[in-house]
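Asks: From first to last, the protein sequence lines are chains P and X. Under our numbering, the first residue of the first sequence is numbered 122, with each subsequent residue one higher. Under our numbering, the first residue of the second sequence is numbered 84, with each subsequent residue one higher.
Think of the hints as simulated: they come from the structure by calculation, not from any bench. Only a predicted model underlies this, so the values are computations on that prediction, with no experimental measurement involved. It cannot be assumed that every hint is accurate.
[Unchecked claim] Here are the simulated EDC-like cross-link-like pairs (lysine to aspartate or glutamate), alpha carbons at most 16 Å apart as the crow flies:
hint: 1; chain 1: X; residue 1: Lys409; chain 2: X; residue 2: Asp442
hint: 2; chain 1: P; residue 1: Lys213; chain 2: X; residue 2: Glu432
hint: 3; chain 1: P; residue 1: Lys213; chain 2: P; residue 2: Glu170
hint: 4; chain 1: X; residue 1: Lys375; chain 2: X; residue 2: Glu397
hint: 5; chain 1: P; residue 1: Lys313; chain 2: P; residue 2: Asp391
hint: 6; chain 1: X; residue 1: Lys431; chain 2: X; residue 2: Glu379
hint: 7; chain 1: P; residue 1: Lys317; chain 2: P; residue 2: Asp381
hint: 8; chain 1: X; residue 1: Lys128; chain 2: P; residue 2: Asp391
hint: 9; chain 1: X; residue 1: Lys454; chain 2: X; residue 2: Glu402
hint: 10; chain 1: X; residue 1: Lys128; chain 2: P; residue 2: Glu398
hint: 11; chain 1: P; residue 1: Lys395; chain 2: X; residue 2: Glu432
hint: 12; chain 1: X; residue 1: Lys317; chain 2: P; residue 2: Asp135
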Amino acid sequence: MAVGHPLDPYLRTDRLPTMWCPGCGLGVVLGTLLRAIDRRIREGRLRRENVAFVGGIGCSARMTLYPLFDSAHVIHGRAIPFALGVKIVKPKMKMIVVGGDGDIAAIGGNHILHALRRNADLLVVMANNMIYGMTGGQLAPTTPRGLYTTTTPYGNPEREINMVRLAAALGANYVARGSTTHPQLLEQLFYKALAKRGLAFVEVLSTCPEIFGRHIDFRSPVDLYLELRKRIVVKAKPSVEESDYNWEKGFVIGEFVDKDEPGYIEVYLDYLSKALEKQPS
Amino acid sequence: MRYEYVTGNIAVAEASMTAGLKFYAGYPITPSSDIFEYLARELPKRGGHVVQFEDEIASINAAIGASWTCAKSMTATSGPGFSLMLEALSLAVITETPLVVVYVMRTGPSTGVPTRSGQYDVLQATYGFHGGLVIPVLAPSTPQEAYDLTIRAFNVSEELRTPAILLSDAVVAHTYGKVAIRERGEVEVVDRAKPSVPPESYRPYDPLDGIAPPMACFGEGYNVLVESLTHDEKGYYAPRTDAQRRLMWRLYRKVVESAERLFDYSAAYLDDCEFALVSYGPTALSARVAAKLLREEGYRACLVKLRTLFPLYEKGVRELLRGVGKVFVVENNVGLYFRELRGVLRDKEVISVPLIDLDVPPPQEIAGVVKEWL
Ligand SMILES: Cc1ncc(C[n+]2csc(CCOP(=O)(O)OP(=O)(O)O)c2C)c(N)n1
Ligand code: SF4
Chain P
122 MAVGHPLDPY
132 LRTDRLPTMW
142 CPGCGLGVVL
152 GTLLRAIDRR
162 IREGRLRREN
172 VAFVGGIGCS
182 ARMTLYPLFD
192 SAHVIHGRAI
202 PFALGVKIVK
212 PKMKMIVVGG
222 DGDIAAIGGN
232 HILHALRRNA
242 DLLVVMANNM
252 IYGMTGGQLA
262 PTTPRGLYTT
272 TTPYGNPERE
282 INMVRLAAAL
292 GANYVARGST
302 THPQLLEQLF
312 YKALAKRGLA
322 FVEVLSTCPE
332 IFGRHIDFRS
342 PVDLYLELRK
352 RIVVKAKPSV
362 EESDYNWEKG
372 FVIGEFVDKD
382 EPGYIEVYLD
392 YLSKALEKQP
402 S
Chain X
84 MRYEYVTGNI
94 AVAEASMTAG
104 LKFYAGYPIT
114 PSSDIFEYLA
124 RELPKRGGHV
134 VQFEDEIASI
144 NAAIGASWTC
154 AKSMTATSGP
164 GFSLMLEALS
174 LAVITETPLV
184 VVYVMRTGPS
194 TGVPTRSGQY
204 DVLQATYGFH
214 GGLVIPVLAP
224 STPQEAYDLT
234 IRAFNVSEEL
244 RTPAILLSDA
254 VVAHTYGKVA
264 IRERGEVEVV
274 DRAKPSVPPE
284 SYRPYDPLDG
294 IAPPMACFGE
304 GYNVLVESLT
314 HDEKGYYAPR
324 TDAQRRLMWR
334 LYRKVVESAE
344 RLFDYSAAYL
354 DDCEFALVSY
364 GPTALSARVA
374 AKLLREEGYR
384 ACLVKLRTLF
394 PLYEKGVREL
404 LRGVGKVFVV
414 ENNVGLYFRE
424 LRGVLRDKEV
434 ISVPLIDLDV
444 PPPQEIAGVV
454 KEWL
C-alpha cells in the first residue's frame, strides 16, 4: 500500500501531481495553509463543510483545484466579489481567497480595495512571486524596479506596490507578510488569520523558479529559494513602517496589524435587522 | 393577487421577489437604478440581501457567488454596465450558474443619452459574452409583461441552470401600467434541482437524465467545484477535444432545445395577413398601431410581437408566418434582430425597418416606411 501524506484527507488526491513546476513555492503555500486549517478543525474552531476556497486565474489561483473543500476557480481578479457573495448569504462560511499578485493587486485591485475598506470577513492570501507566472513572465505591480520582464525588456521603470501598507491603511483587521522560505512562520500566520473576524490579508513571498528565476538568473529552484531567503528579515511584531517592499534592501516578514474590530458581516447583519424593525430612514 | 399601478422597473422588482429572489448586487445606472432602490427597501424585509458593490464586475461576480449558496440572485444594469459584466456572464454560462440579469437598454453607444431608450443591445444581450453560446433573452413591452417575464426568466434560469436576460429598456422601465402582482403560490415558481446522491458519488456537471445537472451548493458538505476551465462531469480540467465537444454541445443544446417551450409571442390580424410587421419591446406597441393604420388604408397588414428573442423557436416562427408574403422587422436600432429573422425566414422577403428614436418610433413613421416597400 502506498504511504499516504498527512494532508491527503484534505486533498483531491486523484488530481495530483499539481500543475506547478518542480520547485515552485506554491506547494508550500498550499501545504502550510492546509496544516493551519487542519489545526483549526481539530480545535473545533472550524467546521470542514464551512471552509471554501475561491481563486481567480493564475498559477497561484489554481491552488483552488486541489483542496477537498467547496472551491471555486473563477475569472481573473474576481475571486473577492464571488467570495463575498457567498459570505453574505452564508455568514458561517470561512471564505479563503487565494490568488497571485496580478490577480489580487492588479486586475483585482478595485475589489481588494473595497474588501479592505469594508473589513470584509475573508482570508485573502496573495501569493507574490513578483511576476506573471502563468502567462510567461510579464510585469506585475510587484515586480522589483529595474527588473527585466517580457513586457519591460529594458527594465521595469515602475514603482512596486506595497500591499501590506495598503491593507493596513484601509483598516484590515489582520495584515501579515510571510515567505515560503519560512514555512513554520507562514503556517502560524495562516493559523492566526483563520480565527480573525473582518479581513485577514496575508501576502506570501513565493518563489517562481521557472519564470521569475529565469529573469533574474537563478534558474535552479534551490538557488532562487536561497536568494529569497537571504533577503528575508523576520520580526515578531514589525510596524507598518517597516513593511517596505524592496528587493535590494530585503523584506520584513511577520504580523503587521492584529486588530479586532467588527467585520463587515456583523455590521451588515446589524443593518439588516433595521429593515426588519423599522421603515427606512 | 393584487393590482397596482406601477412602472416596468417596479414590476420587475416585485416579480423578482415573488420568484424567490434572495440576493441582489448592483451598481447604480440609469435607467435601472430604481429596481435596485426598490429592492433595497423591500427585499431585506423578506429575508433577502441587497448590496451595492464597487462596480458592475463585482456585482455580477457576487451574484454568481451567492447563487452558489443556492440563493436566487439577480443584478440589473444598462449598456455600459452590461458591457462590464460580460466576462462574468461567460463564467456563469460555463459553470451553469442560475442568475437573472435585468438589462434596461438606453440610448448608446457609450454614454449616449442615458435617460432615453433604444434597442441597440438586442444582439449583445445574448452574443456579447465570449464563448459563442446562447442564453435566454426575454423582452417585455409593458409593465405587466415585465412582471410576467421576470418570473419566467427566474424559472428558466433555475431549470436550465443558465444566466437569463430580461431585456427591458428605458421606455418599459418608466412607463406606468396596471400590473397583476401575485404572491408565491399564485404563480409557478421553479427551483433548481438538488442532488439526490451523497457527496461521494456526486458529479457536479453530470446532468444525469435531466436537462441540467442537479446543483449542490456551498456549505452543504458536497465539496462543490465551480470551474471556469473546460471541465469533465466531475468538474476537473479537461483540455481535450472530446471533453470540449461534450461540454459545448450540452451547454448549447440545453438552451436551444428549450426554444419551443420558451416560445412566446402575440399576434394581431394574422388571419388574412399579406405582410407582417414583426417587432419586440415597446416598439411592438407602436408597430401594432402602424398595422392598424395600414389596415384602415386597405392593406392587409398584421403584427407579430416576440417576447422570447433567444433562443428563437425557428420552426415556430416559420409556421406562424407561413401564409405571409413580406415580413417587416421593426426595431429601434440600425436593424439587428432583422438579421436573426432573415436567417430563419430564408424563403421570404424580409425587410428591415430600422427606426432610431430616443423614445419609441411613432406608428405613422413605421407605416410610412412600410408603404414605401409595398
Ligand atoms: C481578463 C483576463 N485578462 C488576462 C488573462 C490572462 N492571465 C491569466 S493569469 C494572468 C496573470 C497571472 O499572474 P498572477 O496573478 O501574478 O499569478 P501567477 O500565475 O504569477 O501565480 C493573466 C494576465 C485572463 N485570464 N483574464
Ligand atoms: S510558472 Fe512559476 S509560479 Fe507558475 S507553476 Fe511554474 S514556478 Fe510556479
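Asks: Take the hints in turn and mark each one as holding or not.
Replies: Checked hints:
1. Lys409/X - Asp442/X: 26 Å, violated
2. Lys213/P - Glu432/X: Between Lys213/P and Glu432/X the Cα gap is close to 60 Å, so the pair fails against 16 Å, i.e. violated.
3. Lys213/P - Glu170/P: With a Cα-Cα distance of about 10 Å, the restraint between Lys213/P and Glu170/P holds, given a limit of 16 Å.
4. Lys375/X - Glu397/X: Distance of about 26 Å is beyond 16 Å: violated.
5. Lys313/P - Asp391/P: 26 Å, violated
6. Lys431/X - Glu379/X: 25 Å, violated
7. Lys317/P - Asp381/P: 7 Å, holds
8. Lys128/X - Asp391/P: Satisfied, since the Cα-Cα distance of roughly 13 Å is no more than 16 Å.
9. Lys454/X - Glu402/X: Violated, because 25 Å separates the two Cα atoms, which is more than 16 Å.
10. Lys128/X - Glu398/P: 9 Å, holds
11. Lys395/P - Glu432/X: Not OK: Lys395/P and Glu432/X at ~60 Å, beyond 16 Å, violated.
12. Lys317/X - Asp135/P: 11 Å, holds
Comparing the model with each earlier hint shows violations of hints 1, 2, 4, 5, 6, 9 and 11; every other hint is respected.
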